[in-house]
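Asks: Work the whole structure out from these sequences, hints included.
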Amino acid sequence: MAVITISKASMGKAVADGIRREFCYGYFDSDEVFLAASKEFGVPEAKIRSALQNAPTLWGMSSATRQKLISCYQSTLAKFLLRDNVVYYGPAGHLLIQGVSHALKVLLWPGDNTTCNIISSISKHDVINEESLYDLVIDTGKTSVEEAVEIISAHALSTRYRTTTFSINCVKNIALSSKVKAALIDVDHDVNVRASGGNVYIHVRAADRKRQKLTAAISNMVKSIRDVVNVEVTVTEDIFQKYAGTYR
Amino acid sequence: MGKGYEVLIVDDEPIVGKQLRLALSKDGYSVETYTVPSDALKRIDEKEFDIVVTDIRMDDVNGIEVLERALGRSGKTKVIMITGFAMMELVRYAMGKGAFDFLEKPFTPDDLRAAVGKAVGRH
Numbered sequence: 001m002a003v004i005t006i007s008k009a010s011m012g013k014a015v016a017d018g019i020r021r022e023f024c025y026g027y028f029d030s031d032e033v034f035l036a037a038s039k040e041f042g043v044p045e046a047k048i049r050s051a052l053q054n055a056p057t058l059w060g061m062s063s064a065t066r067q068k069l070i071s072c073y074q075s076t077l078a079k080f081l082l083r084d085n086v087v088y089y090g091p092a093g094h095l096l097i098q099g100v101s102h103a104l105k106v107l108l109w110p111g112d113n114t115t116c117n118i119i120s121s122i123s124k125h126d127v128i129n130e131e132s133l134y135d136l137v138i139d140t141g142k143t144s145v146e147e148a149v150e151i152i153s154a155h156a157l158s159t160r161y162r163t164t165t166f167s168i169n170c171v172k173n174i175a176l177s178s179k180v181k182a183a184l185i186d187v188d189h190d191v192n193v194r195a196s197g198g199n200v201y202i203h204v205r206a207a208d209r210k211r212q213k214l215t216a217a218i219s220n221m222v223k224s225i226r227d228v229v230n231v232e233v234t235v236t237e238d239i240f241q242k243y244a245g246t247y248r
Numbered sequence: 249m250g251k252g253y254e255v256l257i258v259d260d261e262p263i264v265g266k267q268l269r270l271a272l273s274k275d276g277y278s279v280e281t282y283t284v285p286s287d288a289l290k291r292i293d294e295k296e297f298d299i300v301v302t303d304i305r306m307d308d309v310n311g312i313e314v315l316e317r318a319l320g321r322s323g324k325t326k327v328i329m330i331t332g333f334a335m336m337e338l339v340r341y342a343m344g345k346g347a348f349d350f351l352e353k354p355f356t357p358d359d360l361r362a363a364v365g366k367a368v369g370r371h
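If you're matching them up, the sequences are chains A and B in order.
When the letters of the first sequence are read in order and numbered with this note's numbering, they come out as residues 1 to 248.
When the letters of the second sequence are read in order and numbered with this note's numbering, they come out as residues 249 to 371.
Hints are computed from structural coordinates only; laboratory data are not their basis.
Glycine included, C-beta positions come from ideal geometry on N, C-alpha and C.
Any given hint might turn out to be false.
What the hints assert, rightly or not - Capping the alpha-carbon separation at 30 Å, the derived lysine-lysine pairs in DSS-like fashion look like this: (1) B:Lys-266 with A:Lys-172; (2) A:Lys-79 with A:Lys-13; (3) B:Lys-366 with A:Lys-79; (4) B:Lys-251 with B:Lys-274; (5) B:Lys-324 with B:Lys-274; (6) A:Lys-172 with A:Lys-79; (7) B:Lys-353 with B:Lys-266; (8) A:Lys-13 with A:Lys-172; (9) B:Lys-290 with B:Lys-353; (10) B:Lys-290 with B:Lys-251; (11) B:Lys-274 with A:Lys-172; (12) A:Lys-172 with A:Lys-47; (13) B:Lys-353 with B:Lys-295; (14) A:Lys-172 with A:Lys-223; (15) B:Lys-251 with B:Lys-266; (16) B:Lys-366 with B:Lys-353; (17) A:Lys-79 with B:Lys-345; (18) B:Lys-266 with A:Lys-79; (19) A:Lys-223 with B:Lys-274; (20) B:Lys-251 with B:Lys-345; (21) B:Lys-251 with B:Lys-366; (22) B:Lys-266 with B:Lys-290; (23) A:Lys-39 with A:Lys-79; (24) A:Lys-172 with B:Lys-353; (25) B:Lys-295 with A:Lys-172; (26) A:Lys-223 with A:Lys-210; (27) B:Lys-290 with A:Lys-172.
Claimed, not checked - Simulated DEER-style distance windows between Cβ atoms: (28) B:Lys-324 with A:Asn-192: 44 to 52 Å; (29) B:Asp-287 with A:His-203: 42 to 50 Å; (30) A:Asp-84 with B:Glu-261: 27 to 35 Å; (31) B:Lys-290 with A:His-203: 43 to 51 Å; (32) B:Lys-324 with A:Pro-56: 51 to 59 Å; (33) A:Gln-212 with B:Lys-274: 25 to 33 Å.
Replies: Here's what the structure looks like:
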């Protein structure tokens with residue numbers, strides 16, 4: 001059956017709790033993920049929380065640090081979702097767990113007059129199917145907790161959201177790629193990592209003269225990460241570093 | 249473990265069918281393989297299979313048609329979809345149509361054995 005992610009919203013916890021009881025599902029929220037990520041990656045919980053919940057500021061943490069901490073959270077969240085038959089209540093589930101067919105991503109939308117009008121014009125049932133980020137958007141201004149639980153349950157029971165070998169592998173790939181990304185962001189904060197069944201494909205940019213050394217260093221670093229079977233590193237030339245080097 | 253279970257495999261790449269047949273035959277399944285999907289459809293009309301394993305992207309008939317035909321023939325048949333072009337929407341579409349499982353190519357014979365074993369377990 002599906003795993004269900006519910007965005008943080010005023011009645012979100014009550015809805016998540018209702019679904020947990022309806023299906024006898026496991027339940028976890030962002031506090032548990034923050035704690036587990038902090039333990040696994042050895043980073044203070046408050047920092048991960050800040051990276052995910054606070055908007056970037058001019059003098060705040062760097063973009064690279066934020067990405068690293070978010071990757072730590074993402075990896076841990078994916079591992080939690082591997083338990084299957086669980087409800088996650090917390091931020092960014094829809095962004096961090098993309099492409100997983102058995103993840104039903106729900107947004108509880110605190111409707112005001114404007115949004116109510118938009119929603120009403122789209123659907124009679126106060127529900128929108130928005131395939132890109134969410135599977136289900138529910139207007140909490142018009143829907144009670146019980147009704148929201150009923151709507152989500154009906155969707156979760158659809159065979160469309162049934163767990164498959166492919167979708168479980170997707171979650172495993174997210175867990176591994178974000179773990180590798182967290183380890184490599186210090187090397188290049190634009191690092192691109194894709195994982196598939198233990199094979200990890202990495203793309204970084206660097207000056208040509210650093211290519212060989214960097215490839216070897218990354219391969220060695222990543223091979224030591226648990227669940228990594230094979231590493232393929234692609235380094236493309238960083239034009240800025242190339243010209244900066246010529247002026248040294 | 250697979251003794252007595254009838255499996256039909258459809259994939260237009262002969263090597264895929266050959267390898268999967270080998271893997272499942274070892275476990276005792278009775279396996280028929282087809283590289284021409286229309287031939288597989290004819291066979292499905294003739295005989296009820298316990299498990300159908302089908303590629304999705306094929307020339308004249310796609311895997312969704314095989315899925316529909318197999319389930320139309322018997323609701324007991326478990327259909328496992330395989331493809332090198334797996335995407336979330338395609339997976340959901342196939343599962344919504346009644347597929348039992350979905351595997352992305354390349355996969356190992358053990359992956360298929362596990363999926364078929366699961367299907368047999370629910371038979």
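Asks: Taking the hints in turn, state whether each one holds.
Replies: Comparing the hints with the structure gives:
1. B:Lys-266 with A:Lys-172: holds (29 Å)
2. A:Lys-79 with A:Lys-13: This hinted pair holds, its Cα atoms lying about 21 Å apart.
3. B:Lys-366 with A:Lys-79: holds (23 Å)
4. B:Lys-251 with B:Lys-274: holds (10 Å)
5. B:Lys-324 with B:Lys-274: holds (24 Å)
6. A:Lys-172 with A:Lys-79: Satisfied, since the Cα-Cα distance of roughly 7 Å is no more than 30 Å.
7. B:Lys-353 with B:Lys-266: OK: B:Lys-353 and B:Lys-266 at ~15 Å, within 30 Å.
8. A:Lys-13 with A:Lys-172: At roughly 26 Å apart (the allowed maximum being 30 Å), A:Lys-172 and A:Lys-13 satisfy the hint.
9. B:Lys-290 with B:Lys-353: holds (26 Å)
10. B:Lys-290 with B:Lys-251: holds (24 Å)
11. B:Lys-274 with A:Lys-172: holds (29 Å)
12. A:Lys-172 with A:Lys-47: The hint holds at about 25 Å.
13. B:Lys-353 with B:Lys-295: holds (27 Å)
14. A:Lys-172 with A:Lys-223: Distance ~17 Å between A:Lys-172 and A:Lys-223 Cα, so the pair holds.
15. B:Lys-251 with B:Lys-266: With Cα atoms ~19 Å apart, B:Lys-251 and B:Lys-266 stay inside 30 Å; holds.
16. B:Lys-366 with B:Lys-353: holds (19 Å)
17. A:Lys-79 with B:Lys-345: Status holds; Cα separation ~29 Å.
18. B:Lys-266 with A:Lys-79: Violated, at roughly 35 Å.
19. A:Lys-223 with B:Lys-274: violated (34 Å)
20. B:Lys-251 with B:Lys-345: Holds - the C-alpha atoms of B:Lys-345 and B:Lys-251 are around 28 Å apart, at most 30 Å.
21. B:Lys-251 with B:Lys-366: It holds: about 15 Å lies between the C-alpha atoms, which stays within 30 Å.
22. B:Lys-266 with B:Lys-290: OK: B:Lys-266 and B:Lys-290 at ~20 Å, within 30 Å.
23. A:Lys-39 with A:Lys-79: Measuring from Cα to Cα gives roughly 14 Å; hence the hint holds.
24. A:Lys-172 with B:Lys-353: Given pair A:Lys-172, B:Lys-353 holds - Cα atoms ~16 Å apart, limit 30 Å.
25. B:Lys-295 with A:Lys-172: violated (38 Å)
26. A:Lys-223 with A:Lys-210: holds (20 Å)
27. B:Lys-290 with A:Lys-172: Not OK: B:Lys-290 and A:Lys-172 at ~38 Å, beyond 30 Å, violated.
28. B:Lys-324 with A:Asn-192: 44 to 52 Å: holds (45 Å)
29. B:Asp-287 with A:His-203: 42 to 50 Å: Roughly 43 Å apart at Cβ, these two residues keep to the hinted range, so it holds.
30. A:Asp-84 with B:Glu-261: 27 to 35 Å: With a Cβ separation near 32 Å, A:Asp-84 and B:Glu-261 satisfy 27 to 35 Å, so the hint holds.
31. B:Lys-290 with A:His-203: 43 to 51 Å: With a Cβ separation near 47 Å, B:Lys-290 and A:His-203 satisfy 43 to 51 Å, so the hint holds.
32. B:Lys-324 with A:Pro-56: 51 to 59 Å: About 55 Å separates the Cβ atoms of B:Lys-324 and A:Pro-56, which means 51 to 59 Å holds.
33. A:Gln-212 with B:Lys-274: 25 to 33 Å: With Cβ atoms ~45 Å apart, the hint is violated.
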